[in-house]
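Q: Build out the structure end to end from the sequences listed, making use of the hints.
The lines below spell out each chain.
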Amino acid sequence: MATKVVMAQLSPTMEEGRLVEWKVSEGDEIEQGDIVAEIETDKANMDVEALGSGVLRRIVVDEGETVPVGALIGVIAGEDEDISGILEEAEAAAGAEKEEVEAAKAGGAEEEEEAEEEGEEAAAGQAEAGGGERAGQGAAAKAAPGRRDGGRVRASPVARKMADEEGIDLSRLEGSGPGGRVVKADVEEAVESGVGRRDAAAGPERLTEERIELSQMRKAIARRLTQSLGPVPHFFLTSEIDMGRALDLRAEINGRLADEGDEGEPTKIGVNDLLLKAAAEALVRHPEINASWGEGEIVRHGSVDLGIAVAVEEGLITPVLRDADRKGLRRIAAEAGGLIDRAREKDLQPDEYQGATFSISNLGMFPIEEFTAIINPPEAAILAVGRTVEKPVVVDGEVVVRRRMRVTMSCDHRVIDGATGARFLDTFKGMLENPLAMLL
Amino acid sequence: MADKFDVVVIGAGPAGYVCAIRAAQLGLKTACVESNSYEGGFGGTCLNWGCIPAKALLESASLAHKLESQGEAFGVKPVEVEYDMGAAVSRSREISEKLVGGISYLFKKNDIESVVGHGRIAGKGKVRVEVEDGDDRELEAEHIVVATGSVMKTFPGFEFDGEKVIGSREALALDELPGKMVVVGGGYVGVEFADVFDAFGVEVTLVEALDTLVPGFDPELGKTLERTYKKRGIDVRTETKVKSVDRDADPMVLTVETDDGEDTIETDVVLMAVGRKPVLEDVGLEEVGAETTEDGFIRVDEMLRTSVEGIYAIGDVAGQPMLAHKGSHEGIVAAEHIAGEDPHPLRYDNIPSIGYCHPEIASIGLSAEQAEEEGYDVKVGKYPFSAHGRALTAGDPEGFVKVVSETKYGEVLGVHMIGHNVSELAAEAGIGRMLEATVEEFAAHPHGHPTMSEAVMEAALAAMDRAIHR
Chain S
0 MATKVVMAQL SPTMEEGRLV EWKVSEGDEI EQGDIVAEIE TDKANMDVEA LGSGVLRRIV
60 VDEGETVPVG ALIGVIAGED EDISGILEEA EAAAGAEKEE VEAAKAGGAE EEEEAEEEGE
120 EAAAGQAEAG GGERAGQGAA AKAAPGRRDG GRVRASPVAR KMADEEGIDL SRLEGSGPGG
180 RVVKADVEEA VESGVGRRDA AAGPERLTEE RIELSQMRKA IARRLTQSLG PVPHFFLTSE
240 IDMGRALDLR AEINGRLADE GDEGEPTKIG VNDLLLKAAA EALVRHPEIN ASWGEGEIVR
300 HGSVDLGIAV AVEEGLITPV LRDADRKGLR RIAAEAGGLI DRAREKDLQP DEYQGATFSI
360 SNLGMFPIEE FTAIINPPEA AILAVGRTVE KPVVVDGEVV VRRRMRVTMS CDHRVIDGAT
420 GARFLDTFKG MLENPLAMLL
Chain U
0 MADKFDVVVI GAGPAGYVCA IRAAQLGLKT ACVESNSYEG GFGGTCLNWG CIPAKALLES
60 ASLAHKLESQ GEAFGVKPVE VEYDMGAAVS RSREISEKLV GGISYLFKKN DIESVVGHGR
120 IAGKGKVRVE VEDGDDRELE AEHIVVATGS VMKTFPGFEF DGEKVIGSRE ALALDELPGK
180 MVVVGGGYVG VEFADVFDAF GVEVTLVEAL DTLVPGFDPE LGKTLERTYK KRGIDVRTET
240 KVKSVDRDAD PMVLTVETDD GEDTIETDVV LMAVGRKPVL EDVGLEEVGA ETTEDGFIRV
300 DEMLRTSVEG IYAIGDVAGQ PMLAHKGSHE GIVAAEHIAG EDPHPLRYDN IPSIGYCHPE
360 IASIGLSAEQ AEEEGYDVKV GKYPFSAHGR ALTAGDPEGF VKVVSETKYG EVLGVHMIGH
420 NVSELAAEAG IGRMLEATVE EFAAHPHGHP TMSEAVMEAA LAAMDRAIHR
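Residue numbers (numbering that gives the first Met the number 0), protein chains in the order written: chain S, 0 to 439; chain U, 0 to 469.
Treat the hints as calculated values from the structure; they're not laboratory data.
Hints may contain errors.
Okay, derived cross-link-like pairs now, BS3-like style, lysine-lysine, Cα gap no bigger than 25 Å in a straight line [as the list claims (entries may be wrong)]:
1) U:LYS179 x U:LYS230
2) U:LYS381 x S:LYS160
3) U:LYS378 x S:LYS160
4) U:LYS222 x U:LYS240
5) U:LYS381 x U:LYS407
6) U:LYS378 x S:LYS183
7) S:LYS160 x U:LYS407
8) S:LYS218 x S:LYS22
9) U:LYS407 x S:LYS183
Since the structure is predicted, the reported quantities are computational estimates derived from the model, not experimental observations.
A: In structure tokens:
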């Protein structure tokens, strides 16, 4: 009888796994209990055991591929046994699964009505559900495109070709066509105004996922430092930031928001929101920090998803603010506020506290001036934020009192080197010390 | 009855009635005023004395022409074809009446009040309707939509007399065929009538002042049409201007002028097909101060608002092209704008022009010349029907499809067609252009086989030098 080798669910939160390595080859004799493959989960790499004996007849999923839990990855069977039924079934399931996953991804966090539809159409459905008013559609369309998973942007063929030619990132444009579709005129306007241009002059590039092959030096650094200090070799960088202007700006914004009255938006921006915004902007400019150590490669993530460490009764949890680099300060404040509230009420869904690309732990409400935080793998860094205190500093040769905040970034030395981390921190500090820069 | 409305539409032609229905759909209390004029009625000139009856007669013409010229080849035993213009006209009237009746049904269904009488703007928010055999009514209207349409135009000296010098209105109601007819004007109305009367055995002369038939279209369409018309025996005279007509002579004598001098043509009837003019008189527009354009239309913006607040204008009164489908869509835009929606303005560069002559002509977007003038690097893909399966089975191998594209992105800028049933291909081109398709998409879609539409695909392929069947 044939035995299926499937992507097992190795943790309660695991939704998919990557096949790291086949330990056996097609045609090899397999005994029940043999280790046949190694897979990577959201938490760790695990071995896959054969649940039956026979010959490994077929490798369905190749090394490096990621498939959902339950998917067939190989077939063990008798030498001449007919396995075509199993393979067809798996193929059909994979097809359906793929569509659903794409639709769900395209739909983002919103409820998806037409999960069967292709991602692009599903996004359109969502935009239409946003209401008859063009404003509503526009807003949905703006949020819909450019997800890190490569969800498709709705755009006309001419718009696509023109964007390609002109170096415009379609995911950054707001479509004026029906359902937020990006049309030629939108790209022409973008070319004119420079919005959405991929070059650096018009602002930092939006991120795309990148997998960087390890150099021998990088491998050596990883190997040596891991031997020295745990599986994740930490090092720490501390910097002191003058928070005066950021705090003044925050007070000004909050005053203005209070004047506007409450329109369902929170009327207060917290210091933490400023830190999130600054981190997001700095990460876009330093994609090497927004990265993870993978098996045999470094993954630079295609989006900035910020983990926010929140203390709860029995410990701590880090809800994730998705796509923080694409959000304005008000939206960050609103979403982070909601996430933190729900974290305290233990009301988070698994996808709301998994998959951050960088985290911030802020103990500024306690009398802690500085501390170090432990990296939450597979993130490559975490920023520990101390309280802001008034203290004398020397400015232009004079001793003056300033509001200063110390931050310490823990870095995974396999991914980040001292200078790389320092450059990021420098940008982060600059954002907060000249806060208008990050709001533009 | 309360005479207060959110919208009062003056004119129930293809612009007005569609506007009224869309407004009612959006929850607006709507009335539509129709004067039942000589060329109008519910459904306008289009349904009563234009597009629809003309197409009915063209079908009669096509059938007659086909039987006569190809019956034997098609394996249909040759019969003596007799022409009964009276029967053909009756058939066209029945179709018109049926469709006009359909409008009353749609109005009832959508709770739109039909007001029969001459409507006139009587100050801000007021429409006064002169009701025949009844008291005038005054309708209060938050918004007024002027959709009064257009009427036949003629030249000085060629005033319509209803018998000898006629327009399209009379030509659609002829119960007896003349022996000879001169059609003045080679636009799509002129070429359609030339087609009809030629097929019915009338000796037709078609006179056009410019150097090609259907001058607004890609010049190659006019040239091809001229060639087929001449082959059929229609006397086509381009670059010929009409000077005068002697109505008292029997037969009448029409004097024309060319570069070579004057000439005369004997004829029983002169059919003037030299365009239409918007109906702006007696609508009350001057009184409220609505601005007009240099060429005599009501000035409107892209939401069809006139210069007077609360007054919109749509259809033939609102500017070129004077086409039913353009008017209907303006009606939709205006209604949605009135209802507070935020409609996309109509794309005037993407309205198909269609002539139902045989072979049919259809055109949308830029011609190659226009595209070059606009600075595009143009690539034209052309595919003839001469070896096209569906065209050959239809016995209609005349014509071609021409796709005008630009080379940078492959965007389809225009599609120009002449041939069997190409009127039905205009929508493919239009949707493609609206969605900003490139020649790649037109070529990649597996068009049904065998259909005339395959020629669009082949022309798109030809624009990439990849035509399969050439």
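Q: Evaluate each hint against the coordinates.
A: Consistency of the hints with the structure:
| no. | hint | verdict |
| --- | --- | --- |
| 1 | U:LYS179 x U:LYS230 | 18 Å, holds |
| 2 | U:LYS381 x S:LYS160 | 23 Å, holds |
| 3 | U:LYS378 x S:LYS160 | 17 Å, holds |
| 4 | U:LYS222 x U:LYS240 | 18 Å, holds |
| 5 | U:LYS381 x U:LYS407 | 19 Å, holds |
| 6 | U:LYS378 x S:LYS183 | 19 Å, holds |
| 7 | S:LYS160 x U:LYS407 | 9 Å, holds |
| 8 | S:LYS218 x S:LYS22 | 22 Å, holds |
| 9 | U:LYS407 x S:LYS183 | 13 Å, holds |
Every hint, counting from the list given before, is met by this structure.
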